[in-house]
Structure formats: C-alpha cells, structure tokens
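Visitor: On the provided structure of chain A, position chains B, C, D, E and F as indicated by the hints.
Spelled out, the chains give:
Number of protein chains: 6
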Amino acid sequence: MARKPAKSRPEPKPPVRNAADDDDTVVTALKLTQADLTPAMQAYFDKCMEKLGFVPNVLKAYAFDMPKLEAFVAMYNDLMLAPSGLSKLEREMIAVAVSSHNRCYYCLTAHGAAVRGLSDDPVLGELMVMNYRAARLDRRQRAMLDFAVKITAEPGAIEESDRHRVREAGFSDRDLWDIAAVAGFFNMSNRVASATDMRPNSIYHGRKR
Amino acid sequence: MARKPAKSRPEPKPPVRNAADDDDTVVTALKLTQADLTPAMQAYFDKCMEKLGFVPNVLKAYAFDMPKLEAFVAMYNDLMLAPSGLSKLEREMIAVAVSSHNRCYYCLTAHGAAVRGLSDDPVLGELMVMNYRAARLDRRQRAMLDFAVKITAEPGAIEESDRHRVREAGFSDRDLWDIAAVAGFFNMSNRVASATDMRPNSIYHGRKR
Amino acid sequence: MARKPAKSRPEPKPPVRNAADDDDTVVTALKLTQADLTPAMQAYFDKCMEKLGFVPNVLKAYAFDMPKLEAFVAMYNDLMLAPSGLSKLEREMIAVAVSSHNRCYYCLTAHGAAVRGLSDDPVLGELMVMNYRAARLDRRQRAMLDFAVKITAEPGAIEESDRHRVREAGFSDRDLWDIAAVAGFFNMSNRVASATDMRPNSIYHGRKR
Amino acid sequence: MARKPAKSRPEPKPPVRNAADDDDTVVTALKLTQADLTPAMQAYFDKCMEKLGFVPNVLKAYAFDMPKLEAFVAMYNDLMLAPSGLSKLEREMIAVAVSSHNRCYYCLTAHGAAVRGLSDDPVLGELMVMNYRAARLDRRQRAMLDFAVKITAEPGAIEESDRHRVREAGFSDRDLWDIAAVAGFFNMSNRVASATDMRPNSIYHGRKR
Amino acid sequence: MARKPAKSRPEPKPPVRNAADDDDTVVTALKLTQADLTPAMQAYFDKCMEKLGFVPNVLKAYAFDMPKLEAFVAMYNDLMLAPSGLSKLEREMIAVAVSSHNRCYYCLTAHGAAVRGLSDDPVLGELMVMNYRAARLDRRQRAMLDFAVKITAEPGAIEESDRHRVREAGFSDRDLWDIAAVAGFFNMSNRVASATDMRPNSIYHGRKR
Amino acid sequence: MARKPAKSRPEPKPPVRNAADDDDTVVTALKLTQADLTPAMQAYFDKCMEKLGFVPNVLKAYAFDMPKLEAFVAMYNDLMLAPSGLSKLEREMIAVAVSSHNRCYYCLTAHGAAVRGLSDDPVLGELMVMNYRAARLDRRQRAMLDFAVKITAEPGAIEESDRHRVREAGFSDRDLWDIAAVAGFFNMSNRVASATDMRPNSIYHGRKR
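Chains as they are written, first to last, in the working numbering: chain A, 37 to 245; chain B, 37 to 245; chain C, 37 to 245; chain D, 37 to 245; chain E, 37 to 245; chain F, 37 to 245.
With the rest of the complex left out, here is chain A (with noise of 0.2 angstroms):
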C-alpha cells in the first residue's frame, strides 16, 4: 500500500502581530525608567522628530541617565557628522558592513536606511547588510571596508602590512584613524544593543527601498 501523502501545513492566516509590533514602545528587555531630558537633549530629541519625524530608539534606551546619552550623542555626532576625509555616506557604509559581521538587528536596520537613504541606492544598502563582497565596490572603498572588517572580527592580528593597504587605497593617516574609530564605535554600539535586545524603530524598515 501506498504511503499517504502528507498534508501540507495550512499557510497561516493573516497573524494578528507582526514582527514589529512593539519595537516603538518596548525600547529595550531593559526595565529603565527615562530620566527628566536636559535642555541640551531635548533640544536634541525635538530636533529629531523635527528632521525625521521621530526619535531613534538608541536615543530613548540611553535616556535613562543623561551623562550617558549626552556622551553618546557627541560621540556619534562627532564621528558619523563631522568634517572628515570619508563621506557620510562611507561613514555608514562602515557602520553597516561592522553591524552585518556582529549581526546587531538594531544597527543594520537603521543605518541600512541610511545607506539607502545617503546612497540613494536602495540595492546598496542591502549589499552592506548581506555581504559587502558581493558589492562591486572601487578600490578605495574596498579596502575600507576590509579594514573595518577585519578590525572587527580579528582586532588583534592587525598589522603595519594591513594598514599599509589603507594608505595605498588613497587614505591619509587622518582617514585611517576615522575608518577604525567609526568600526570601533559600531562594535561597541552593536554589544550595547545586542546586550540589551534594542528594537529599532519600525519606520526605518520601508524608508528609501
């Protein structure tokens, strides 16, 4: 006798949450209660929802302590914003390719937006978040990118020989130290995150595709 063929498994209906559901109001697994903004941060927060019309969700998880958020927001501003020999667009491609190594939900979300967004690429963003090899890249940004790379994943094999490659693609000494100081941002940016289950904000998914 033949075997009976197995019944396929009912697609699901519609589902009543999606992924997201609470990404907006569930920050973080933390349990931290937001502190009064300083003058300083609330301008800040107020001129996000004026730029982007809300509040990135990394900004909310840090506001528990405002010593904290504020070191964090010169920080990033400093690196991600400020005059510098990259681009802000390669600034977030490194932001991107160092999250992909980590795996970090939050950071691969919301500055693959960016890419898309600063690129106006929306396919590049998407190469920094599956495989920044698969990108058919220039030399320069190549070699950017397996710096940041390999300081992330092999911090301690770095060598004269590797930034050596660094220089010959065009990058001064003042680059370079740009290059490792955003990949080591997002390397520590990616553990805080990761650590604390950060969610990021659901508008980012649809922005620039």
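One thing to keep in mind: the hints can contain errors.
The list makes no distinction among identical chains, and a pair is therefore deemed to hold if it is satisfied within one copy or across any two copies.
Said to hold, decoys possible - Keeping only pairs whose Cα atoms sit at most 25 angstroms apart, straight-line, the calculated DSS-like set for lysine-lysine is: (1) K124 / K244; (2) K186 / K87; (3) K87 / K67; (4) K244 / K67; (5) K186 / K244; (6) K244 / K83; (7) K67 / K186; (8) K83 / K186; (9) K67 / K124.
Bear in mind the hints are in silico, worked out from the structure with no lab data behind them.
Guide: Below, chains B, C, D, E and F alone, put in the same frame as chain A:
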C-alpha cells in the same frame, strides 16, 4: 598653532550607476551559453513570466545544460512547494536563516522577498536576513530554525538531543526530514551562487516592503 | 611507603556487537516508512543490486517519498556520472574532501570507497578522508580541492581571485561550475545525512583496501 | 659516524634596546599632529600629571582633534568612574577580560595595572589578562564576566537567557546596562588601539606587582 | 542550435605512482641525518622489527638525536602501555579522536590501525577517524572522548564542570589524569608530525580492515 | 521628577584572601597522592630548591607516579636546555606565545617569568603573554613565532610554504624541528595543566618585573 580642521569629503553626486545595474543582464561571473530550452523547461519559464513577471536568475544560470536545470527545478519545487508539515512560509524562513549564516547575496535577496510576501510582514523578512535570533518566534519556529542553523554551522556535531528538541517542539520525523532537506538544499544553493557570483533579479529588492 | 601501582584496565573481551552492527538495517534515526517504489525507481534499485550487490542506504533513506527519491537520483547521477571536464575520480575526490570538512560519516564511508575504487590507490582515499592537504596532488587537483573546500568553509568569502586561481590551473568556466555544483551537492547531502544520523552500508568499509 | 651535536645558539647579550623603548614617545603608528588643547583638556592633562605622574598615551593619541578627545574622555569617565552598581574594580575587571579576548596590548597593560591597583592583588590582574576562567571568582563576578565576554565573542547570539543569568547573580537591569556598556566601550577601544598600534606608557608594566 | 554536450574527461590510466609511494623512504620533509642508535634504542628498533615487522616512521624521524628519541619513547610507552584505569584500546581511541580534530595524517593512519587491531572492529577505527560523535559508544567512552576533544579544541575553557562529567561517568582522578595526558601527548605529536610532514609507514593502511 | 542617581557600589575592603592564596599548596584539582621520589628525582627536586628556591608545581603534579615524572623531566630538559640553534630565550618565547593562544594560566605565569628573566626585558615577557604580534621582533623571531602559533592554531593547514618561510628567515631544518618540538610540547603541557587546573607557584608573578 591649531590643527587645520579636516575638510569633509564632499558627498558623491548621484551616481551614474547603481549597485544592481548589471544584475539583470549578467547573471553569473561564468561565461556559459544558454542551451535550447526543452519543452518542459520552456513551459516552466513561461509560467514564471506569467506568474512573477520575470524568470529568476538562478534558472537562467542553470540553463546552459538542460539535465542540470531540470534536476534543480524538480528538487526545488518538491522541497518548497509540495505538501509538507511545514508551511511554505516556514520553508522560506529556513531558506533565509541558512542563507544568512552563509551570507549568500542571491538567496537572501530572492527568499527574503518570499518571506515578506508569504507572511505579509516585511519586518519578518528583515529579521530572517539579519539575525533570526532577534525575532520573536514561537517555540515551534524557533526550534525549527535552531536545528536548521546548527546543521548549517556544525553538521558534524548534530546528536540525538538535537533531534529530540525538534520533536519536543511538535514536529514529526517526516517534518524533521523536511527541515533538514530544505536547510541542506540552501547549503547547496548558497555555495553554487557564491562560487559563481550569481546576481538576483533586481526586482526582488523592492517587493513587499 | 610507595604508591601502589595502578592496575591496568583489562582489555575488553571480543565485543558482542560491533560499531556497524545495525548500520545495514536501521538506516536513519527517523521512523519513516518506505513507500512503494515507482517502476523507474524499482528498476534503479534493481540495477544497484546487479552492479553493486546492494542498494546504498541513502536511497533507502529517501524512499519514503518517491518524488524526493527521484529528484535526488536525477541530480546525483547528472553530477557524478554525466559528461564533465572533471573525471569521475575528481568528482569523488571533491565529495570526500567536502565531507571531511563537514565530518559526515555516511559520505566519507561511501565516497571514500569510491575514491579507492576509481583510483586503484587505497591511500588516496585515506588522504581525502583525513586531510587532503597532506596528499601530493598535482596543481590542477590541488586548485580544484582548495576551491571546493573554501566554498564549503567560507562560502561568503569567495571572490573573483578564487575563480581566477581555478582557471589558472587549467579549468574552464564549465568545469568551475561542476566543481561548485559537486561541492554544493555534498554540502547538502552531508547535512541531510548528519541531521538524520544516516548510516552507510557496512560493506563499504572493507572495499578496495 | 655519529651526528655532531648541535651547538647551542649563544644567549644574546643584554640588548641595546628593549621591547618598550619607544612606547613613551611614539604613541601610535599614525602620523597625526597634536592639536592645541582646549582649556578643559589642558586641565584634564594637568590632573593626570598630578594624580598619575603621566598622561596616558590614549589621551595623547586622541589629542589631534579636540572634539574627539573630549567625547572620549566624557564617555570614559562616566563609564569607569561615575556611580554604578558595579565597583570600580569590577569595571576594570570587565575591561581586562574583554581586552584579553581581543588581545589588545594597550588596554591589557593599562587596565591590568588598574586591576592590580584597585584590588591590591597583583595575581588577580594577571588572571584577568591570561584567562578569567582560571580565577576563583564568586558567582556574581563570574556571571558578570561571562556576560561581558559573550557579548564580546558572539554579540549576535545573546538571548534573554543570558540576561536572566546576570539577574540571577544579583544584578539589576541598570547594572546589566553598565556591564554591557563597559564591555562595549572596550570593544571599541581595543579596536582603535589595535588599528593604530597604540603603545601603553611603559610605567604601567611595573606598577603594583 | 543546441549546446554541444561536454565531453567527459577520460578516467586517468592506472597511475604510475600512488599516494603512498615515497612514504616508506622519505619520512619527513626535513633533511636530518639519522644518528647512531644507542644500544637501548637499537634494542627497541629490533623489538619493533620482531613484533611489528617494521620500525614506525615516527621513531626514524626522531632518530637524528638520541636524547630526543629516548625521551619520546619513554613518554610514549608509559602513556600508552603502562598500567592505567584506561584500557589500551581506550587510549588509542583518544589518540585517534584527538588526531581527527587536528587532521594529522600520520597519527590517524598509525593509531587508526591500532584501534582496528585492539578492538577487532574495523569500523570503530573508521568512526574515530571520521567523527567520534557518530559512534555508538557507551556513556563512559563518550565522556572520555568528549573531555579529550574539548581539551584539544578549547583548552582554556575547561572548568570543574567538565571534570565533574568525567568523574560521573565512572573515572577516578588518576584516570582523568591519564585521559588528559594521552590527549595532551597527541596534541604534541600531531603538531610535530604536521610541522614536518611526517609520513606513516604504508603498511598501516591495509591492516585489520 | 528626576531619576535618583545610582549609588556606586562601595569598593570592597582589603580582601581576606587573594587570587593566588592556595596556589602554593593545592597544586591541581585532582586528588592524587605524591609517590616516593626516586633518587634521581629527589636529586632533581633538591637542585630546584637550590637554584630556584622552590620546586615548580608542575613537578609536584607529576610526582604521583615516578615513570611519568621522569619522562616529563627528561623531555622538558632536552627541549628547553640542550644545545639547539634556538637560544634558551627563543625557546621560552615560543612557550609563552603558544600558551597565550591556548590561554594556559600555569604556563603563561611560569614561562612568562622565564622570558622576563632571560631577556632582562620585562616588557618582552608581557608582550609574549598578551599578543606577540604587537612586539617589535626581528624577522627571525617573528617567523619563528608565526610558525609556532600556526601549528598551534591550525596544525592540519601547515604546508611546505610555511616551512619555506622559516628557512628563509635563517633557520636550518634542525632548528625547524626544534621550533615544532617546543611548540608541540607546550601544546601538550597547556592541555594537561588546563585539564587539571594546575596552579603556578605564586613566586613567579613578581619575578623580574
């Protein structure tokens, strides 16, 4: 005398070409000539055009040799579409979680779109691409993906206790085979795609966002 | 007073059962009932009996479902037996080197025997099982196995330079596809076998020693 | 004829230069010029001289750019010195255990000295440098370091069960944040230091032995 | 026009030379001259000839220097042959499982043959070479090999809980030492053999199949 | 209302016990009784007392069994003290670099002290413990340590090209053996020490700082 502040690198102009520009025409890095389609394969390509609006690049990649194309199509359709104790969405979730471990650009793109489509939940697709452990899955689907990813990462370390956990989550032995077979299939496809630099049809990227 | 010397554990008596005792009867750890063979599959099983003297356990394992068995057989026979720029021995060498990386008991046993048989060189089979890097291969076969094992170990790190090395060793793009496809196939089979604790027919072990 | 015995290589004479010879003058491998210190940073450097007798090289390394130096100092001082449920020694233990995983010469040297100093137990410093698992820690500190090192080694694999173990060992959610933030910070600093070949002030080595 | 089918690469003729052709004459990749054997070592070599019919290549490799040969032989014979709570077969099982982790061609070949011989179970030898986790071992031997392989793979992560599992499986502290010492010894030998490309006597391959 | 600031955890009082408190009395985690020393071993222990002022704990650990102790001492003294093309310092540098890879508390402590003593350069000892790649070594010693650490980390991946690099740096085949043998020996000792939680004599820590 104070350091002269670094001048920021100007943001690049809207790029002349985008990351996916050739992906619809140059399907792999190999120079292989498409063979004449057999009637069965011609019918299958026609059906793809009718239902999807395009022929997936993986099929074009295999089309240099009809027996290889037919064997691939037969196995793929059986695994992903035939009756099974796993829903079609669950099979696509396995496809993407495995492809994320292996960092396969082609499969993450094509099957990420499938998860978004079948679940009607774009963020679920993102989570499978980025880090399935960050998704809020029920116990069944979490056990399913843990098994699929363990056989991907450490196939030689699988033991009876791993199978036990799958069964405890409600799966039959037949389901367990299907989890293994789908995970195994994408461990094959990920490697063929990466080895040949297979590029996904660009239309996938924007679907169901 | 001097320490009393340890008494050695007596060597065990000739064991009542051996390591392979059930391997010819309990093919996997899953309870799946064999389906009625289709005429084509019955003919294939008959041909195995005639040529090998037994039906390989992997076929029995897939025989709970005819479409799965047929798809597996079609793909396997095309990859391992159809015309190719790779000799049959070379394809078996890839099978074993990949299975060694993945530590798959079933495939190492069955395809190790195949390497011994096709090469008429039992030690070559052992070397593929133990460490292909210790074998004295010519440049062609070494490049072939290096590529096959790299796509096994780090599929996401494959680059044009890896394909270049394969071509430099004398392979065409069609050959490169075949290396990738055979390596990919055993990355699938290794995982299905390990996930289900598939056991090799005991007869393989002593063949061609 | 018998082999002529190998002559032993003569021990080298007292070397002209030692391993740390340039470490107090050439702070990193990058040619970056120190900027004029802002009054706040001048005061901070003066305070270092007064309390430590030297300015830590990491501060000199950042001093090519005042906003970067100020952001680093603000974050560092908040994390390592502000009120917290973790003692200052515990924060330094995290710093060293993380830096040991990442094999960062600068941070192991500077913060190893800090563990020796704060604990008044030189061997505790050695254990954090060499292998924290070999130290006889109480349950609290072991759980703290296990979490810090797991987010260092596998940030994408952190789960609620990991946070649960930290809480079970007596830590609050606020403490958990601090563990993550300190571990994250040294994952950043380790990478900036390794990327730039930052050298520790030689005075650290002999302190509190 | 249809693709011209690939012509298959003709199977190679019976090869002029086999994989093990030089293994009995060129013992390592190093050019070192055998020293005059001391009387004790001459007697030991004679005993090998009498009992095995050959002198194991590892002994020839060490014979460029009598103190090194004598130290190796003394330690080897004590570990593998002296009274112990582990049977001789169990010690050989450890040797092969460790050598499999380290992929040592010499030790897998020589000690794989020993497992086949002492157990009178050729498949047990194969399983130790391929993947000890696929063998159906009793709890005692499984615990023994798990400990031996963990100290091989992650020596710095061993903890009291690992020792506890060994004791729970029925081993004394003296047995635990012996497991560690045998596993340690092959972690040494595997590396000396791989570093020098040591080749096993070809006679091992066919023994006890 | 503003968040109440966290109260900092008070620094612990001077601890009642220190990290090394039992290390001079409880040598390993195993309960093994010291055997009567043979005259040769009694003389060796006496010589240790005379020259070092103490008996290294590793010798006490092996002293439950005289044949094991004697074999260990014979091999150790030959490797580390007999004539060789490697200086005694170079052999100790290998010992520490290997032990750092394996994170062995005992060997890092005892042989780190030896590097400090033989080199008269305390920082060189620290660098071997922390990350030999950060040390400014000449080409000879760098090639020596690269080979020693590669056979530690990936013994199965050693190839003729690795031996070539060692020879190119000025080493003979006999030297190459010695590098491999010393590295191999510490791969053994590291594992015996970690498996048994062997503790270093506390006096090592402060030596030659």
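Visitor: Which numbered hints are broken by the structure, listed smallest first?
Guide: 2, 3, 4, 5, 8
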